[in-house]
Structures are given as structure tokens and as C-alpha cells.
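K.L.:
Take a look at the letters that make up each chain.
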Amino acid sequence: MSERVGVYICHCGSNIAGMVDVAQVAEWAKENLEGVVVSRDYKFMCSSLGQELIEEDIRKEGLTRVVVGACSPHLHEKTFRRACANAGLNPYLMQMASLREQISWVSEDKAAATEKSKLAIAAAVKRVQLHEELEASRVPVNPTTLVVGGGIAGIQAALELAEGGHQVYLVEREPSIGGHMAQFDKTFPTLDCSACILTPRMSDVEVAENITLLSYAEVEDVSGFIGNFQVRVRKKARYVKEELCTGCGICEEKCPKKVVDEIFEAGLGYRKAIYRPFPQAVPKYPVIDRENCIYFERGTCKACEKFCPTNAIDFEQQDSFLDLEVGNVILATGFDLFDCTKIPQYGYGRLANVFTNLEFERMCNASGPTEGKIVLRDGVTEPKSVAIVHCVGSRDKRFNPYCSAVCCMAALKFGHLVMEKTDAEVYSFYIDMRPNFKDYEEFYDRLLEEGMHFVRGRVAEITDAARQPGEEGKLIVQVEDTLIGQQRRVPVDMVILMGAMEPRADATEVALKFGISCSMAGWFTERHPKLDPVATMTEGIYIAGVCQGPKDIPASVSQGAAAAARVKSLITTGSVEIEPIVATIHEEFCSGCRICNDLCPFNAIDFDDEKEVSVVNEALCKGCGTCVAACPAGAITGAHFSNEQIYAEIEGLLLDVISGNGSGRVREPELAEA
Amino acid sequence: MEEKTFEPRIIAFLCNWCSYRAADLAGTARIKYPPNVRMIRVMCSGRVDPTFILKALAMGADGVMIAGCHPGECHYLEQNYKAMRRYAMLRHTLRQFGVEDERVRLQWASAAEGAQLAEAIREMVEQIRQLGPLQWPTYWSENGRREEALKSIEREHEEAMEVPA
Numbered sequence: 049m050s051e052r053v054g055v056y057i058c059h060c061g062s063n064i065a066g067m068v069d070v071a072q073v074a075e076w077a078k079e080n081l082e083g084v085v086v087s088r089d090y091k092f093m094c095s096s097l098g099q100e101l102i103e104e105d106i107r108k109e110g111l112t113r114v115v116v117g118a119c120s121p122h123l124h125e126k127t128f129r130r131a132c133a134n135a136g137l138n139p140y141l142m143q144m145a146s147l148r149e150q151i152s153w154v155s156e157d158k159a160a161a162t163e164k165s166k167l168a169i170a171a172a173v174k175r176v177q178l179h180e181e182l183e184a185s186r187v188p189v190n191p192t193t194l195v196v197g198g199g200i201a202g203i204q205a206a207l208e209l210a211e212g213g214h215q216v217y218l219v220e221r222e223p224s225i226g227g228h229m230a231q232f233d234k235t236f237p238t239l240d241c242s243a244c245i246l247t248p249r250m251s252d253v254e255v256a257e258n259i260t261l262l263s264y265a266e267v268e269d270v271s272g273f274i275g276n277f278q279v280r281v282r283k284k285a286r287y288v289k290e291e292l293c294t295g296c297g298i299c300e301e302k303c304p305k306k307v308v309d310e311i312f313e314a315g316l317g318y319r320k321a322i323y324r325p326f327p328q329a330v331p332k333y334p335v336i337d338r339e340n341c342i343y344f345e346r347g348t349c350k351a352c353e354k355f356c357p358t359n360a361i362d363f364e365q366q367d368s369f370l371d372l373e374v375g376n377v378i379l380a381t382g383f384d385l386f387d388c389t390k391i392p393q394y395g396y397g398r399l400a401n402v403f404t405n406l407e408f409e410r411m412c413n414a415s416g417p418t419e420g421k422i423v424l425r426d427g428v429t430e431p432k433s434v435a436i437v438h439c440v441g442s443r444d445k446r447f448n449p450y451c452s453a454v455c456c457m458a459a460l461k462f463g464h465l466v467m468e469k470t471d472a473e474v475y476s477f478y479i480d481m482r483p484n485f486k487d488y489e490e491f492y493d494r495l496l497e498e499g500m501h502f503v504r505g506r507v508a509e510i511t512d513a514a515r516q517p518g519e520e521g522k523l524i525v526q527v528e529d530t531l532i533g534q535q536r537r538v539p540v541d542m543v544i545l546m547g548a549m550e551p552r553a554d555a556t557e558v559a560l561k562f563g564i565s566c567s568m569a570g571w572f573t574e575r576h577p578k579l580d581p582v583a584t585m586t587e588g589i590y591i592a593g594v595c596q597g598p599k600d601i602p603a604s605v606s607q608g609a610a611a612a613a614r615v616k617s618l619i620t621t622g623s624v625e626i627e628p629i630v631a632t633i634h635e636e637f638c639s640g641c642r643i644c645n646d647l648c649p650f651n652a653i654d655f656d657d658e659k660e661v662s663v664v665n666e667a668l669c670k671g672c673g674t675c676v677a678a679c680p681a682g683a684i685t686g687a688h689f690s691n692e693q694i695y696a697e698i699e700g701l702l703l704d705v706i707s708g709n710g711s712g713r714v715r716e717p718e719l720a721e722a
Numbered sequence: 041m042e043e044k045t046f047e048p049r050i051i052a053f054l055c056n057w058c059s060y061r062a063a064d065l066a067g068t069a070r071i072k073y074p075p076n077v078r079m080i081r082v083m084c085s086g087r088v089d090p091t092f093i094l095k096a097l098a099m100g101a102d103g104v105m106i107a108g109c110h111p112g113e114c115h116y117l118e119q120n121y122k123a124m125r126r127y128a129m130l131r132h133t134l135r136q137f138g139v140e141d142e143r144v145r146l147q148w149a150s151a152a153e154g155a156q157l158a159e160a161i162r163e164m165v166e167q168i169r170q171l172g173p174l175q176w177p178t179y180w181s182e183n184g185r186r187e188e189a190l191k192s193i194e195r196e197h198e199e200a201m202e203v204p205a
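Protein chains in written order, with this note's numbering: chain A, 49 to 722; chain B, 41 to 205.
These are computed hints drawn from the structure, not numbers from a lab.
Check each hint, because a few of them may be wrong.
Straight-line distance between alpha carbons at most 27 angstroms, and here's what the computed BS3-like set of lysine-lysine pairs gives [claimed, not checked]:
#1 B:K72 x A:K445
#2 A:K289 x A:K302
#3 A:K421 x A:K432
#4 A:K578 x B:K72
#5 A:K578 x A:K91
#6 A:K578 x A:K284
#7 B:K72 x B:K44
#8 B:K44 x A:K158
#9 A:K126 x A:K78
#10 A:K421 x A:K305
#11 B:K191 x A:K158
#12 A:K91 x B:K44
Chain A extracted, bound-state conformation (with noise of 0.2 angstroms):
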């Protein structure tokens, strides 16, 4: 072969030249492998002057290949793509081999990790002798961006997309928008109350020209690519005209059908069949709720028509879907609660006192079912002493190992609630507390000299059984106190359990819908854990909020900002790159089958009836290669990962093989040749 390959093995300071003899590894390239001119070890090839080493072998050596030994692709490709671009070299004329993460860092035996570095490299060279120049494409970006999820996150980043110009279609599942944070009562740690701070922003929304808000309404279905998608939306049926609608609120006060309201009010307060979640509802049309509502189930009734003042009732209503063109998606899909059933010892729907986080919420909350009085479920009682549960269906193997992060400091506003409004005594059984952004670890201080009791160990049992003196009519927490090392029943009138937030319970079903993925508890993943919390695997996607992880308030604002900016910068720049690495059908080798056609998930390869084979469209493929692999006729290949270049991979992994040192086996010439 005629190619000229330099060869550049990094350090990455000690990280891989501590258990890699890198400068062996060079040697040993540059004399065993064929077509390599130039191979070099380096301190740091990443920084600029490790690239300019590059760069000046390229102009000075002409190199019409580059190998580089350093760390994953995923970190640092693009930076040695930019690197050969600069000195005129086609960037996908250079090959990583991963030495660090799976070399190095993995090895325990330094000999075994150098030999397995030589292979890597070998297997690198011969791979990228037979890459071939592409291009990446670029294709325009649709300037309108989805917002799916109205919570505060997807709130945020669409006024801030909005209040950059750009149009913004903002849909929600629910009627209203406001997410779980319009439930709250108060916000940790200054106490804010959480609907004054919410409520302008929701209505900014309402107002806001630049966003169409879509309530009442799911995604059905997305297709495209970055900067280019289809979404169909359902907007389920309101049986409300919008256009009439006033929101005066007549049809609620009028309906006779009173529902326990399981979702805003987490079932401790009532709703009518027609009715807004709460009073500052954006928008302000109301939803009849089907299932409910005395007209649909028996033909009657029909009070909201007589008495709505705009004839805005319609009852023939039906779903109607809307096709929307955008150029990016931002999901701010938000959490479920923790089914605090699941832990029957906790007694939560046995035992009438214990509560919810959520149920407490809305009871503390000056617009709820109690109007903020903190009571028992007998509705007047006042409890004279509170247990707060820490942990529940979170940091718990059983069910959810992670920490759910705001459940620390919602106790502690609890407690601080429950002090202030009542005079009782507060305990709180924690397993660590972890109060751990700014003001936080203040505000715990405060709870503490407040005088609220805490107790360090996980809660064994919730009970009504009394064992002693003192504990009859009482809910009795028993626990082992691990820091004086003793069990400890404590008898309280009220239990609130800190339920863990999880992923929504579609969250899978919507992240495929998307394309892309969930962790193995469910949250949505993001590309970079560290350096790229809210874009996904899938350009054009992005996340906020905490369906991409648990996070309190400002964390989730911070990333909904976060993802706007990164739409706004690809509005900004107008278009997009693609990966130029597709699949191309060589027509005089398809026989017509259209095995490929089914197989591809995209719809990008199209049958010319004509010309009686099948065609990939470009702009649809995303280069997966699974028609590649399937072609009984081999006439697909996919750019960047044709059979040649991985075959040349496999010689190059299994050079020790091939050429025989240390096996003693034979190569059989033909067999590692095609």
C-alpha cells in the first residue's frame, strides 16, 4: 500500500505511559507496521502543541494518514479531526485507538497492557489505510422549537427561547401547565411561597406572541432529524372551545359532579368533572373530564352548557392532531412520585396518619384542601408531634438506589412548616443529610436551633400496635438511633414519608419515541454526564428538568436555560453539520429484494419502482448499518465502517496470530486476506 500513516502515541501525563511502554509501542509501529513513515510519543497530544506536531508531519511528511494512540473517540476525535483538517488532510482520513479507557486504566499487567497497545495500533493502522475522504453535509435548521413538558424547566426554556425571537410550540399533558412546583406550597431554603414566584412565569407563557401553547395535548409521533423534524401532537379533546372560552369559571361552580382530585391535589381535595387544576391555570380554559362528568355516562345533565354565558361547551368535541414542523426538541417531561404502598410496613394507605410529601404540600399549602392548616385526616385535629421518614423508595436497593436528591431539604421545610404553624414536635429519621448547594447546609443550622429533632437511622416499622405507656391512639416509628446505637420507638400523631421521585412511568416508551435513550433507572441520558448534561446521543435533542435526573428548582431552571441556549446557538448559526457516515446502495449489485427496507427503523430506504432497486436517502440515515449487514448481495456499504475496514481491524487485533509469535500457530494466507 502507498499510504504514508504517522503514528502519535500519547502519555496523557502517567494515565496511559503508567502502564503502557509507550515509547515501545511507537518503535514497534514504526518497524512492524506496514505504510507507517512517521510514529511518535508525546506528552499530551490533546493540547495545541501535540496537535501542531501533528499538523507540521502532515505538511513536512506528507502523511496521507494519521493514527492516534490516546484516549476514548468520544473525547477527543473531533480534536484531532480539527487537527488534520488544519493541515489540509481530509478529517476522516485519521483513526483513534482507545489506549487509556481500555487500556491503561483497565490493566493491571503492564507487559500484557503494552502487547495489547501494539494491537490496538496495529489494528488502527490497517484500518485507516483503507478509510476514504467524506464530506460532512450541512442542512439548514428550522428556527421553531418543541417544548415538550410545561413544568418550570420546559417553562424556562421556552421564555427564553421566546424572549430570543424564536417561535416555541410548548405542549403539555396536562390542562395546565405549572408542573409539580405549582403544587408546592413553599420553596426551600428562603421559603418563598412557590406560586408567587410560578405563577408570572406561567402567565409570561400565557402571553408570550412568539409560544403557542399546546395543553391538553401529548406528542404521537416525531420523525426526521436535527434540525428537521416532523412531530404530531394529539390535543385531546377539552370539550371546551378555546376560541369562546373566557375562563369566568361559571361551568365549575355550576357541575354537579364532585371528583376527588388524584392528580393536582394528590387525592386529599375535590375537583368538579369540569374544572381547571387550580384557580391561576394557564390556560384558562377548563377540561371535562370524561369519565366523570354525568352527561357522558348518562346523556344528561349538561349544567356547564345551560349556564356557560359564551356557549363555549361543546360535547361533539374530538382529538384532533396537529403536524408541526421543528427544527429542535427540548424535553422537560418532569417525574412521578414513589408509590409509597410499595412499603407496607410504612403503613402508608393502612394507617389513616401517614402522609405523603406531596399530600403535605398541598395540605400546607394556603390554597388547598385544609387551606394550609396542618391537620390529621380527620380534617381538625392538629398533631401534637410529627415524624418525617427520610429515604423512602430511594437510596433503597429494593427500589431505587439513587439519592433523590430534595427530599433533605423538603424536610427540612417541613419541619420548619409544621413548627410554625403548629405546636408540635418534629423528628426527622435520616440516613445522611445531605443539604448540599448554596444556602443549604445554612438552612439546616436554622432547623437545628429551631428545634426539630433529628434521628439518624433508616425507619424499620410504622405501627399503630402499642407496646408502652404513651403509645395508644399514637403511630409508633420504630427505628435503631445509630448514633447512640439503640432502638428507638417513637410515638407521633403524624407520619410524612419523603417519597422518592422517579422516572415517569413512559419515560421509555417517549425517550424511543425520540430516539433516545433511559438509564437503567429510567431517566433519560444525557451525551456528557459532566460536560454535557442536557444534550442527548440524538443531535437535536435535549433535555432539562429532572426527567434527565433528580433536582430541585433551580437546578431544573438552570437547565432549561441551559438546553434553550443550546438551540439558540444552532438557530443562530442557521445550520447544522451531519456525520457523513451513511449507507449507499451500489445499484448494479441490488437484486431488488427490499430485505433492507423493512430493516431500516428510519424509513431511508426508499424502493425505485423504476429501476427496480432500493435507495437510501441520505438525510434519513443515520448510518446504524444495520442494512449493511444484512445485504445478501453485499451491495450496501456503510461510510466510515465498511467490511474492508473491519476486517482490517480483526487482522490487526489478531496480528499476534497472524504472524505467529507466541502461539506457535500458522497463519493460513487466504483466509486473512478479502
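Since the structure of chain A is already known, use the hints to place chain B on it.
P.N.:
Below, chain B alone, put in the same frame as chain A:
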């Protein structure tokens, strides 16, 4: 002569989105695993043509691992299911060749499962160490009857195609 422990050579195909990142994570978390596995990045486990596996074995690998995203988590929506189906068919074929099931392994590893991938590698290396070398290249090249075998296939084929008078 001293007995050296057999060090199997394993080729692993890792999908770009989950498993390759799992390998990255295993590295970042400094999880140690045996150096016997040599890795190749493909965009998707669906890209793994059964030929790749046969080719690797024929070139001298003692085992092959195919690693992809968990079912339902594929970056390309559902292509790992295709890998799964191909794997099932290939295993069937390999069994007829006398290749033990443990030598070709399909492993799901999400980007968060560095530890699980490392554990799977450890297990596979140990299993193949028990099985011993596969030695396809040696067997095929040294019996010297390859030509003859190929001719006999041709002959049998012709016989089968003959139309009885």
C-alpha cells in the same frame, strides 16, 4: 517444560452508543479486567455481520463478544433486536461446526454499565480459558486436505443437481 496458562484472544464488537461508552466508563472508573479482549467499535450491534464473527474466529480469535444497548434502548430504536436474531441463527450454525456456545457471546451493556461489562468480560475470559484454544487457522491449514474437501463439495453438488434419466 513449564505449563503456561492459556490466554484466550477475544474480539469484541461494541456499539458506539451504549457498550463502547460502557467500556469508556469501565476505564474512567478504573475497573480492572483481563487484557484478553480486543475491542472494535461499530455504530450499532445491528452492524455486526455474522461474517465478522466467522472471520475473527477464522483469523485466530478464541471467542467473540457482541455488545449492544439493552433491548428497547437502542440508539437506532430497534436494531439490537436484529443483532439478537442474527446471533441466535449464528449460534445454531456454530453449534454444527462444533463451536461451543460460550465462545460467541451477546452482551447487553448500557452506557452506565461499565462494571457489568467488565464482569462479563472476566466471566467470558474464564469460560474460554476452560474451553481451551479454538485453533481454527491451525486446523484448517495443516490438514492439507482443503483442496480435496472443496472438490468433493463441488462433486456432491453436481451429483445432486443431476436429473435422473
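K.L.:
Please go over all the hints and tell whether each is borne out by the structure.
P.N.:
Going through the hints against the structure:
no. : hint            : in the structure
1   : B:K72 x A:K445  : 24 angstroms, holds
2   : A:K289 x A:K302 : 18 angstroms, holds
3   : A:K421 x A:K432 : 14 angstroms, holds
4   : A:K578 x B:K72  : 23 angstroms, holds
5   : A:K578 x A:K91  : 24 angstroms, holds
6   : A:K578 x A:K284 : 38 angstroms, violated
7   : B:K72 x B:K44   : 22 angstroms, holds
8   : B:K44 x A:K158  : 18 angstroms, holds
9   : A:K126 x A:K78  : 25 angstroms, holds
10  : A:K421 x A:K305 : 26 angstroms, holds
11  : B:K191 x A:K158 : 49 angstroms, violated
12  : A:K91 x B:K44   : 36 angstroms, violated
Comparing the model with each numbered hint stated earlier shows that hints 6, 11 and 12 do not hold.
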